[in-house]
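The lines below spell out each chain.
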Amino acid sequence: MKLVLYLPQIILCLVAIFIIVRCFISLFSMRPAGKPKAVLINRESGKKLAISTYETSLGRAKSSDIQLASNLASRSHAVISRRKKGWFITDTDSKTGTFVNGEKTEGAVRIYHGDVIGIGGVEYSFIAPHASREAGAASQAAPAVKAKAGLINLATDYEYAITGGRLSIGRNESCDVVIEDRMVSRLHALVQYTDEGWVVTDNDSETGVGVNGYRVHGSEPVSDGDKIMINTHTFMFRDYRDSERRGARG
Amino acid sequence: MAKRSEDKALKMKRPHKRRPLKTIPMLLLLTAYQVYMFSQLAITNIKELEINYTMLIYFGVFLAAEWVYVIVMRAFAKRRNFEIELIGFLLSGIGIAAIGSAKPDGLLVQTAAFVLGLIGFGVLVWILGDSERAMKLRLPLGILAILILVANIFLGSDINGARNWIVIGNAVSIQPSEFVKVIFVFVGAATLEKLQTSKNLYMFIGFSAACVGVLFILRDFGTAVIFFLTFLLIAFMRSGDIRTIALALASAGLGGWLIAMFKSTVKNRLATWRHVWEPELIDGKGFQQTRVLIGIASGGLFGLGLGQGNVRKVIFSSTDLIFGVVCEEMGVITGLAVLACFVLFAVYAINNARTSRSTFYSIAATAAAGLLLFQASINIFGVTDVIPFTGVTLPFVSRGGSSMISCWALLAFIKAGDARTYLTTYGEIKKK
Numbered sequence: 006m007k008l009v010l011y012l013p014q015i016i017l018c019l020v021a022i023f024i025i026v027r028c029f030i031s032l033f034s035m036r037p038a039g040k041p042k043a044v045l046i047n048r049e050s051g052k053k054l055a056i057s058t059y060e061t062s063l064g065r066a067k068s069s070d071i072q073l074a075s076n077l078a079s080r081s082h083a084v085i086s087r088r089k090k091g092w093f094i095t096d097t098d099s100k101t102g103t104f105v106n107g108e109k110t111e112g113a114v115r116i117y118h119g120d121v122i123g124i125g126g127v128e129y130s131f132i133a134p135h136a137s138r139e140a141g142a143a144s145q146a147a148p149a150v151k152a153k154a155g156l157i158n159l160a161t162d163y164e165y166a167i168t169g170g171r172l173s174i175g176r177n178e179s180c181d182v183v184i185e186d187r188m189v190s191r192l193h194a195l196v197q198y199t200d201e202g203w204v205v206t207d208n209d210s211e212t213g214v215g216v217n218g219y220r221v222h223g224s225e226p227v228s229d230g231d232k233i234m235i236n237t238h239t240f241m242f243r244d245y246r247d248s249e250r251r252g253a254r255g
Numbered sequence: 015m016a017k018r019s020e021d022k023a024l025k026m027k028r029p030h031k032r033r034p035l036k037t038i039p040m041l042l043l044l045t046a047y048q049v050y051m052f053s054q055l056a057i058t059n060i061k062e063l064e065i066n067y068t069m070l071i072y073f074g075v076f077l078a079a080e081w082v083y084v085i086v087m088r089a090f091a092k093r094r095n096f097e098i099e100l101i102g103f104l105l106s107g108i109g110i111a112a113i114g115s116a117k118p119d120g121l122l123v124q125t126a127a128f129v130l131g132l133i134g135f136g137v138l139v140w141i142l143g144d145s146e147r148a149m150k151l152r153l154p155l156g157i158l159a160i161l162i163l164v165a166n167i168f169l170g171s172d173i174n175g176a177r178n179w180i181v182i183g184n185a186v187s188i189q190p191s192e193f194v195k196v197i198f199v200f201v202g203a204a205t206l207e208k209l210q211t212s213k214n215l216y217m218f219i220g221f222s223a224a225c226v227g228v229l230f231i232l233r234d235f236g237t238a239v240i241f242f243l244t245f246l247l248i249a250f251m252r253s254g255d256i257r258t259i260a261l262a263l264a265s266a267g268l269g270g271w272l273i274a275m276f277k278s279t280v281k282n283r284l285a286t287w288r289h290v291w292e293p294e295l296i297d298g299k300g301f302q303q304t305r306v307l308i309g310i311a312s313g314g315l316f317g318l319g320l321g322q323g324n325v326r327k328v329i330f331s332s333t334d335l336i337f338g339v340v341c342e343e344m345g346v347i348t349g350l351a352v353l354a355c356f357v358l359f360a361v362y363a364i365n366n367a368r369t370s371r372s373t374f375y376s377i378a379a380t381a382a383a384g385l386l387l388f389q390a391s392i393n394i395f396g397v398t399d400v401i402p403f404t405g406v407t408l409p410f411v412s413r414g415g416s417s418m419i420s421c422w423a424l425l426a427f428i429k430a431g432d433a434r435t436y437l438t439t440y441g442e443i444k445k446k
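Going down the list, the sequences are from chains A and B.
Heads up: the first sequence at position 221 corresponds to 226 in my numbering, and the numbers run straight through without jumps.
Heads up: the second sequence at position 274 corresponds to 288 in my numbering, and the numbers run straight through without jumps.
Wrong hints could be hidden among the right ones.
[As the list claims (entries may be wrong)] Subject to a maximum C-alpha distance of 27 Å in a straight line, what follows is the list of computed DSSO-like cross-link-like pairs (lysine-lysine): (1) 150/B / 109/A; (2) 53/A / 67/A; (3) 153/A / 53/A; (4) 67/A / 208/B; (5) 109/A / 42/A; (6) 117/B / 232/A.
[Unchecked claim] Examples of chain B residues toward chain A, derived with CB under 10 Å: (7) 40; (8) 97; (9) 210; (10) 257; (11) 315; (12) 345; (13) 351; (14) 354; (15) 374.
In case anyone wonders, no lab produced these hints; they're calculated from the structure.
Ideal Cβ positions, reconstructed from N, Cα and C, are used throughout, including at glycine.
Could you put the whole structure together from the sequences, leaning on the hints where they help?
And the structure:
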């Protein structure tokens with residue numbers, strides 16, 4: 006009888022534990038896959054320096070995210086940051102200064118795809134296809150154009166907009182959709198727009214790519230609502246023009 | 015174009031490990047948990063169904079605020095992740111239940127503070143959405159913090175040995191240092207480009223010294239210790255230099271020793287520490303600690319039930335000793351779960367630092383989580399006589415309007431440190 010009376014107390018404790026454990030498991034395991042992507046290319050040597058974090062420090066110091074070899078570069082020379090409005094470079098009190106397209110910078114300066122950045126006597130091309138000057142001007146002049154296609158991660162409910170006609174999926178940080186899973190190849194698959202419409206391509210991955218439960222060999226056309234499977238991760242492909250057409254018809 | 019080969023159909027499993035938390039079912043479970051807890055207090059006589067309607071209203075407002083917040087954020091801010099808020103609701107609910115048992119008169123202020131805290135949380139998460147906007151606010155907020163503390167020196171009232179309260183019209187009393195905690199974290203955080211300029215850290219050291227100095231003048235030593243520990247955390251995150259931290263610790267150790275020698279209150283508390291069971295102290299200076307320890311033992315793993323304990327009758331049971339009330343009436347398991355929340359918040363914030371959108375968010379989240387953990391540890395280990403007893407509140411759980419609001423504001427920094435919070439802001443993922 007005592008145990009029956011005591012049972013609600015036990016249940017109460019267990020429920021509290023369950024809520025805490027479940028919430029923290031979700032917090033620790035559900036990480037966003039989207040990461041900023043840009044590259045600095047040394048214009049002399051052609052060496053590529055990947056920028057995959059929102060704030061990247063450049064300098065001679067070992068602690069810098071991108072370590073520069075030039076003796077003219079300061080230990081902490083500059084910071085490239087991805088902000089809400091776009092990409093910016095800030096000179097952090099360097100001795101020789103930071104230049105964008107030949108002009109010395111003061112404070113945070115917005116940089117665009119193709120800009121030439123001068124640091125410590127070395128010139129780098131800034132490559133970020135989504136940050137072109139035209140795109141920046143267009144986004145300021147008109148509201149953002151609705152993406153024509155997207156990929157929804159059914160586990161997290163997040164949607165990745167396919168704006169450049171191509172979306173890469175893989176374990177590598179440079180991919181558009183990063184899946185932190187050993188069973189996923191570095192560049193596992195591509196979703197791209199071709200003359201024949203949208204297709205998903207298996208990039209010779211170890212575990213393969215599935216569309217609606219069937220294995221893809223090479224490339225496979227996909228249409229609105231198709232399920233793309235990468236190991237245990239399922240995504241839904243959305244073609245908004247397709248769905249709009251169907252909506253207009255029906 | 016390749017053909018589909020049906021014979022090689024992939025037998026792919028739905029992801030099990032990384033299934034996201036479904037907010038509404040979890041909130042329903044949490045509501046059921048809280049309704050059961052609250053009903054233990056509101057139904058005073060189950061046989062004759064005597065109900066305390068005033069209490070019922072407070073509990074109703076509390077539950078309604080949780081649901082309104084989630085519904086509004088889902089509908090208008092397009093948020094999908096509410097894990098941090100759910101843990102905040104759980105802790106606040108445990109606090110409301112414990113206060114309902116220990117000091118029912120305090121429920122009005124606590125419920126109102128919870129609602130205000132939740133609104134403040136939403137606003138702060140929005141402000142933090144743009145790190146540039148947040149950076150611009152640091153200087154005016156820093157000046158405001160100093161002004162608040164200086165005003166506290168002149169306008170403050172002495173309550174329980176500390177001059178850290180401002181009483182307005184004999185009805186409302188606020189604890190300004192609680193709000194300064196939030197500003198302290200705000201001012202301490204900075205974007206990477208700001209961190210690369212060395213003078214920035216000196217400004218923060220000056221600001222921290224001013225804050226801790228005023229808190230010493232106000233004789234609010236517990237809060238001063240929390241500020242100092244948070245300062246160490248922020249300074250390490252900003253500089254990455256362990257030598258600076260060692261120097262700061264050494265100087266603080268010397269300062270602490272001098273205070274312990276010359277300040278009678280601190281000296282008394284140090285003298286009581288680890289001697290609370292001695293016959294001359296058990297019903298004197300060690301009264302509170304011994305009653306909490308007895309309460310924890312009598313509550314056992316699962317507790318005696320709300321309103322059934324004895325710690326609630328001890329002075330300051332709803333504030334400093336609330337951990338004793340929770341353990342006695344809801345069980346040691348619940349008490350440890352509360353502590354585990356703060357530990358996990360800190361681990362989560364550190365773990366998130368790498369993926370955060372700016373060092374501003376990494377530092378702010380780690381500092382906020384660290385501050386909550388330091389405060390919870392000082393409270394819990396203080397009342398259980400593991401460390402000298404100091405009068406600091408248990409975050410989210412103890413009675414106190416200022417404390418509740420500041421705890422939710424600190425939680426906003428942890429929320430901002432979660433990169434998923436602002437996915438739509440950076441245009442990578444569309445709002446659904």
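Cross-check of the supplied hints:
Our distance criterion of 27 Å between C-alpha atoms is met by residue 150/B and residue 109/A, whose separation comes to about 24 Å. Restraint check: the Cα-Cα separation between residue 53/A and residue 67/A comes to about 18 Å, which is no more than 27 Å; the hinted pair holds. At roughly 31 Å between alpha-carbon atoms, residue 153/A and residue 53/A are farther apart than 27 Å, so this suggested pair is violated. A threshold of 27 Å between alpha carbons decides the hint, and for residue 67/A with residue 208/B the separation of about 19 Å falls inside it, so the pair holds.
For the hint pairing residue 109/A with residue 42/A, the CA-to-CA distance comes to about 25 Å; that is within 27 Å, so the pair holds. About 56 Å separates the Cα atoms of residue 117/B and residue 232/A, which puts this hinted pair outside 27 Å; it is violated. A least Cβ separation of about 7 Å between residue 40/B and chain A falls short of the 10 Å threshold, and the interface hint therefore holds. Because the smallest distance between the Cβ of residue 97/B and any Cβ of chain A comes to about 4 Å, under 10 Å, the interface hint for this residue holds.
Against a cut-off of 10 Å between C-beta atoms, the interface hint on residue 210/B holds, since the closest Cβ of chain A lies about 3 Å away. With its C-beta approaching chain A no nearer than about 15 Å, residue 257/B sits outside the 10 Å limit, and its interface hint is violated. The restraint placing residue 315/B at the interface with chain A holds, with a minimum CB-CB distance near 7 Å, inside the 10 Å limit. Given the 10 Å rule on beta carbons, the hint for residue 345/B holds: about 5 Å separates it from the nearest Cβ of chain A.
Contact between residue 351/B and chain A, as hinted, is supported at the beta carbon level, the nearest pair being about 5 Å apart and thus within 10 Å. For the restraint placing residue 354/B at the interface with chain A, the shortest Cβ-Cβ distance is roughly 7 Å, inside the 10 Å limit, so the hint holds. Annotation: residue 374/B was flagged as interfacial toward chain A, and the flag holds, the nearest CB pair being 9 Å apart, inside 10 Å.
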